[in-house]
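**Q** Sequence:
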Amino acid sequence: MDYVLTAEELYKEYKGGRALDGLSLHVPRGAIYGLVGKNGAGKTTLIRILCALQAPTAGEYTIFGVNGRDRGILQARGRMGAVVEAPAVYQELTAEENLRIQYEVLGRREPDTIPGLLELVGLGDTGKKKVKNFSLGMRQRLGIAVALAGEPELLILDEPVNGLDPQGIIEMRRLLQKLNREKGVTILISSHILDELAKLATHYGFIDKGRMVEELAAADVGEGLEKHYMKLMGGDWDE
119 MDYVLTAEEL YKEYKGGRAL DGLSLHVPRG AIYGLVGKNG AGKTTLIRIL
169 CALQAPTAGE YTIFGVNGRD RGILQARGRM GAVVEAPAVY QELTAEENLR
219 IQYEVLGRRE PDTIPGLLEL VGLGDTGKKK VKNFSLGMRQ RLGIAVALAG
269 EPELLILDEP VNGLDPQGII EMRRLLQKLN REKGVTILIS SHILDELAKL
319 ATHYGFIDKG RMVEELAAAD VGEGLEKHYM KLMGGDWDE
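Going from the sequence shown to this note's numbering is simple: count from 1 and add 118.
Incorrect hints may have been included.
[Unchecked claim] Label-pair restraints from in silico Cβ distances:
{"#": "1", "residue 1": "Gly183", "residue 2": "Asn251", "range": "26 to 36 Å"}
{"#": "2", "residue 1": "Ala335", "residue 2": "Pro229", "range": "24 to 34 Å"}
{"#": "3", "residue 1": "Leu334", "residue 2": "Ile311", "range": "15 to 25 Å"}
{"#": "4", "residue 1": "Gly242", "residue 2": "Glu126", "range": "22 to 32 Å"}
{"#": "5", "residue 1": "Lys317", "residue 2": "Glu222", "range": "29 to 39 Å"}
Because the hints were derived from the structure by calculation, they are not lab data. Keep in mind it's a predicted model, so treat the numbers as computed, not measured. From the three backbone atoms N, C-alpha and C, an ideal C-beta is built for every residue, glycine too.
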């Protein structure tokens, strides 16, 4: 199988304990891969390592087949976009101004493509409205637009529907499905909202106490995601 993202025996240790404990991961090309695990299971630590915001204590990972310790990893990361925790956007600027800055950072010289990108994420009519006046859902979509500015093949999202109202969650789901189906973007998504993840993911990775307990395709989860989690982990999902 063609994997765009892998991890093998990843460890991350802090003074207070171990966040990752030999975790392995395999994300197929074209998948929407859902990371399933309670808060503190290690999902955000894994994402931060993949995005070079932290270094692993031990173990290896690859992005598009390039080892995270190789020089070519910077070029491989150029093929991915990410929103980790809160979207990194300028509150006093408009959506278009935020994207213009990101285009400059990336060295892109096609500002005429910005309106299309804003339209794609549902922000085509925001005009001169400043980001500080956006709803949470609008800011989340702008964060994704910034992550998409480099036309990535892989998108990594940490809790993208956190705090959204029901309509915002639906809009986010439709956006991610559109990116996956129409643009061919592989998506790694962390979420503790199991009902929503079940409507979106094509593959799952179940994480507990810093370890990957199981990876499988959504088609193989017969009894429903929450029931499968409870059967696998031997406890209730209470988040």
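**Q** All hints, please: hold or fail.
**A** Consistency of the hints with the structure:
no. : hint                        : verdict
1   : Gly183 x Asn251: 26 to 36 Å : 43 Å, violated
2   : Ala335 x Pro229: 24 to 34 Å : 40 Å, violated
3   : Leu334 x Ile311: 15 to 25 Å : 19 Å, holds
4   : Gly242 x Glu126: 22 to 32 Å : 42 Å, violated
5   : Lys317 x Glu222: 29 to 39 Å : 37 Å, holds
Comparing the model with each earlier hint shows violations of hints 1, 2, 4; every other hint is respected.
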